[in-house]
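There are 2 protein chains.
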Amino acid sequence: MPNPTAAMLVIGDEILSGRTRDSNLHHLAGELTRRGILLKEARVVADDASAIGAAVTALSAAYDHVFTSGGIGPTHDDITADAIAAAFGVNIGVRDDARAILAAHYATTGAELNEARLRMARIPDGATLIDNPVSRAPGFSLGNVHVMAGVPAVFEAMLVSVLATISGGDPMLSQSLRVLRGEGEIATPFAALAAEFPDLSFGSYPFQQNGAYGTNLVVRGTDPARLDAAMARLGRMVAPE
Amino acid sequence: MPNPTAAMLVIGDEILSGRTRDSNLHHLAGELTRRGILLKEARVVADDASAIGAAVTALSAAYDHVFTSGGIGPTHDDITADAIAAAFGVNIGVRDDARAILAAHYATTGAELNEARLRMARIPDGATLIDNPVSRAPGFSLGNVHVMAGVPAVFEAMLVSVLATISGGDPMLSQSLRVLRGEGEIATPFAALAAEFPDLSFGSYPFQQNGAYGTNLVVRGTDPARLDAAMARLGRMVAPE
Chain L
1 MPNPTAAMLV IGDEILSGRT RDSNLHHLAG ELTRRGILLK EARVVADDAS AIGAAVTALS
61 AAYDHVFTSG GIGPTHDDIT ADAIAAAFGV NIGVRDDARA ILAAHYATTG AELNEARLRM
121 ARIPDGATLI DNPVSRAPGF SLGNVHVMAG VPAVFEAMLV SVLATISGGD PMLSQSLRVL
181 RGEGEIATPF AALAAEFPDL SFGSYPFQQN GAYGTNLVVR GTDPARLDAA MARLGRMVAP
241 E
Chain W
242 MPNPTAAMLV IGDEILSGRT RDSNLHHLAG ELTRRGILLK EARVVADDAS AIGAAVTALS
302 AAYDHVFTSG GIGPTHDDIT ADAIAAAFGV NIGVRDDARA ILAAHYATTG AELNEARLRM
362 ARIPDGATLI DNPVSRAPGF SLGNVHVMAG VPAVFEAMLV SVLATISGGD PMLSQSLRVL
422 RGEGEIATPF AALAAEFPDL SFGSYPFQQN GAYGTNLVVR GTDPARLDAA MARLGRMVAP
482 E
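Taken in order, these protein sequences are the chains called L and W.
Under the working numbering, think of the first position of the first sequence as 1, with each following residue one higher.
Under the working numbering, think of the first position of the second sequence as 242, with each following residue one higher.
No lab work stands behind these hints, which were simulated from the structure alone.
Worth double-checking, as some hints may not be accurate.
To be verified - Within a straight-line C-alpha distance of at most 25 Å, the following computed SDA-like cross-link-like pairs (lysine to any residue) qualify:
hint, chain 1, residue 1, chain 2, residue 2
1, W, K281, W, L404
2, W, K281, L, A86
3, L, K40, L, T222
4, L, K40, W, A302
Put together the whole structure using the sequences plus the hints.
Spelled out as structure tokens, the structure:
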């Protein structure tokens, strides 16, 4: 069975203005790779309903899963839920179970469940809630789109819940060899090796450390025996007997 | 005159697999904001010619400038230049001035300008070279697409050259107010204030520090007097006399 595919949609003016450095993409990438879900694309858009709608429509059609972060808080610029409901052509309103979660939470903190906070209980029709053990306001899954918070601690906690409901594939494994040679010196034999193992993916990443140039040669794939075979060949290529 | 718009395209399997954490988007976002160029969207795609081509075609048509990072080294997975030439329907080949830059560089290091390294002199017809003071192999601008390296030190150095050739707009200014109240408590008056200043953008970013919940309220725009007016109103809103 082929590995499932996924895309990420990061939503927020603060990422594109340089105010905030996104960390959710890197976290998601690692978690998906471990589960054999192939992250094929990511996009970052502003808090703009048409930009969110266009991106989520395109990504939802192209991949098995879409993970979004950002824009589900109580303020006027939190428009992700409405934009995604509009993109899917479904209604959205305050849902009783989501309201109950917020009511229980604010009862313990003593804060008022006011109109702004109630916005966080707006859930598109047909969606499933995503648990938020950190700050309670839930995310939701609508079709193959999983809508989560932008605050990293909350995003990461919600992702745990979502990933428990999704089938993965054979885990994507990687092995690497670090050599003190420039990329250009080993590129030709490395390309020939890649061509011999079309079921694996071969990447080459240069580094510079204490004035020395080197390259990390990385081989990725799902079959451990094939990886071992490729790494053995790579070792002989770099240090011929 | 409206501020110029821009998009970024990050290219590389290593970002999507979680091996590498991209830092070029955050750097670019800050540099563009300072110059009044509005970064409206970013995408991350794999080392895949059709994915690169589709993304660069869409972004080039939608925004004034497109900045790409990654995929212009000497190895078989460095396919950005060829993919972009194909997307623009122009030829690509080793160009004399680019080859001369590489030849001069490798003459000083003693390394051979072999076939793999010569790949870095492949430049699409009609492109302008982008200087690389760090590791010499040039980037290029083709139309409104600026193609740069993925290694952060090289990306950042190339960006300096490119930005010197691009007209900016009125710098995007921002002011912020840090309050020890939850987002939900101030969301309604904050939204009303945002509606009164439609020429500014208002963002609200929650934080948690030492167990206290707070919010950073950020106002952005190009007119300093309007920003000051909004911040004065914001101050009275948060601490009424």
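Structure-based check of all given hints:
For the hint linking K281 of chain W to L404 of chain W, the alpha-carbon distance of about 17 Å falls within 25 Å, and the restraint holds. For the proposed pair K281 of chain W and A86 of chain L, the alpha carbon gap of about 21 Å is at most 25 Å, so the pair holds. A C-alpha spacing of about 16 Å is found between K40 of chain L and T222 of chain L, which places the hinted pair at or below 25 Å, so the restraint holds. Only pairs whose Cα atoms come within 25 Å are accepted, and K40 of chain L paired with A302 of chain W is accepted, the gap being roughly 22 Å.
Taken one by one, the earlier hints all hold for this structure without exception.
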